[in-house]
Amino acid sequence: MTNHRFSQVSVFSVPFDRGAARRGAAQGPEALFRAGLARKLQALGVQYIAERLAPPPHAKGTARDARLKNLHEVLAVNEALAARIHAAAEAGHFPLVLGGDHSIAIGTLAGLTRHYHQLGVIWMDAHSDLNTPDTTPSGNIHGMSLAVGLGKGDARLTGISGYGSFISPEHVVLIGARSLDQGERELIRREGITCYTMQDIDRLGMFRVMEESIRIASSGTDGVHLSFDIDSVDPSIAPGTGTPVPGGLSYREAHLALETLHEAGILVSAEFVESNPLLDSGQRTSRLLVGLISSLLGERIL
Numbered sequence: 001m002t003n004h005r006f007s008q009v010s011v012f013s014v015p016f017d018r019g020a021a022r023r024g025a026a027q028g029p030e031a032l033f034r035a036g037l038a039r040k041l042q043a044l045g046v047q048y049i050a051e052r053l054a055p056p057p058h059a060k061g062t063a064r065d066a067r068l069k070n071l072h073e074v075l076a077v078n079e080a081l082a083a084r085i086h087a088a089a090e091a092g093h094f095p096l097v098l099g100g101d102h103s104i105a106i107g108t109l110a111g112l113t114r115h116y117h118q119l120g121v122i123w124m125d126a127h128s129d130l131n132t133p134d135t136t137p138s139g140n141i142h143g144m145s146l147a148v149g150l151g152k153g154d155a156r157l158t159g160i161s162g163y164g165s166f167i168s169p170e171h172v173v174l175i176g177a178r179s180l181d182q183g184e185r186e187l188i189r190r191e192g193i194t195c196y197t198m199q200d201i202d203r204l205g206m207f208r209v210m211e212e213s214i215r216i217a218s219s220g221t222d223g224v225h226l227s228f229d230i231d232s233v234d235p236s237i238a239p240g241t242g243t244p245v246p247g248g249l250s251y252r253e254a255h256l257a258l259e260t261l262h263e264a265g266i267l268v269s270a271e272f273v274e275s276n277p278l279l280d281s282g283q284r285t286s287r288l289l290v291g292l293i294s295s296l297l298g299e300r301i302l
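Here this note's numbering is used: the first residue of the sequence shown is 1, the next is one more, and so on.
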């Protein structure tokens with residue numbers, strides 16, 4: 001049975017991978033549709049509008065900063081995405097963003113916080129993406145997207161929020177972390193961000209972690225956004241990603257997380273990122289993501 005919260009979905013395909021070191025995630029959205037996403041949405045009774053954001057042209061003749069690689073391309077795509085996300089939220093639609101690398105979350109969060117002024121965020125990722133130009137070991141902006149959403153980092157990136165607000169650290173929950181840089185660890189502790197590492201999931205179990213995460217992210221907020229990086233899942237079952245880290249979520253842990261979020265009824269938007277078909281084995285990762293999106297939207301075993 002269709003859940004009314006997902007009866008009108010705006011699906012945004014964002015074929016962009018300049019925020020990462022490896023190319024290929026730009027092909028992720030198209031691969032999801034080839035793996036049957038449209039058929040799944042229709043089977044679930046989800047009415048959706050699909051829109052593809054044109055990738056920005058490669059910037060030429062601009063100054064390069066090793067701490068902010070491909071900054072101008074990242075700015076262009078995220079400014080465009082923020083405007084579209086804001087418009088969808090204003091229209092009462094559920095934005096479903098398909099990436100692309102995780103730098104596109106900058107635009108997603110900027111657009112959402114123009115509409116939701118107390119936004120909660122559940123960030124499922126092997127990494128925290130809390131680096132800034134001062135702490136980044138690589139200069140890749142997909143590792144800075146959550147920090148930008150918190151108002152930290154380069155002013156050109158944080159400025160995409162426009163008249164929106166920034167996310168409060170107490171409304172953020174990280175799930176599945178297992179690869180954190182030192183600057184990110186310090187920021188998590190300093191800001192009091194809730195972080196459930198894979199060790200926490202091992203000890204507590206996925207259902208309890210999700211119950212606690214839902215309570216924290218939804219307390220005092222006017223909606224919760226899910227940002228799901230496929231590298232949160234173990235690479236043995238999701239090999240198609242540019243930043244794999246062993247020891248991630250199992251197939252059932254990932255599905256349980258999204259099933260629990262559906263049942264909680266707190267989400268106002270979601271994004272799925274970092275699927276790289278060039279690194280996939282067959283369509284394993286794309287098919288897994290289609291199944292996970294379906295679980296989020298209400299598909300059940302019985």
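Take these hints with a grain of salt, some might be off.
[Stated by the list, open to error] The calculated SDA-like cross-link candidates involving lysine to any residue, where the alpha carbons are at most 20 Å apart (straight line), are:
(1) Lys69 x Pro56
(2) Lys69 x Glu79
(3) Lys69 x Arg84
(4) Lys40 x Pro56
(5) Lys69 x Gly159
(6) Lys40 x Glu211
(7) Lys40 x Glu212
(8) Lys69 x Asp181
(9) Lys69 x Ala155
(10) Lys40 x Ser10
(11) Lys40 x Arg300
(12) Lys40 x Leu302
(13) Lys69 x Arg52
None of these hints come from the bench; they were simulated from the model.
Hint check:
no.	hint	in the structure
1	Lys69 x Pro56	holds (15 Å)
2	Lys69 x Glu79	holds (17 Å)
3	Lys69 x Arg84	violated (24 Å)
4	Lys40 x Pro56	violated (30 Å)
5	Lys69 x Gly159	holds (17 Å)
6	Lys40 x Glu211	violated (27 Å)
7	Lys40 x Glu212	violated (29 Å)
8	Lys69 x Asp181	holds (18 Å)
9	Lys69 x Ala155	holds (15 Å)
10	Lys40 x Ser10	holds (15 Å)
11	Lys40 x Arg300	holds (12 Å)
12	Lys40 x Leu302	holds (16 Å)
13	Lys69 x Arg52	violated (24 Å)
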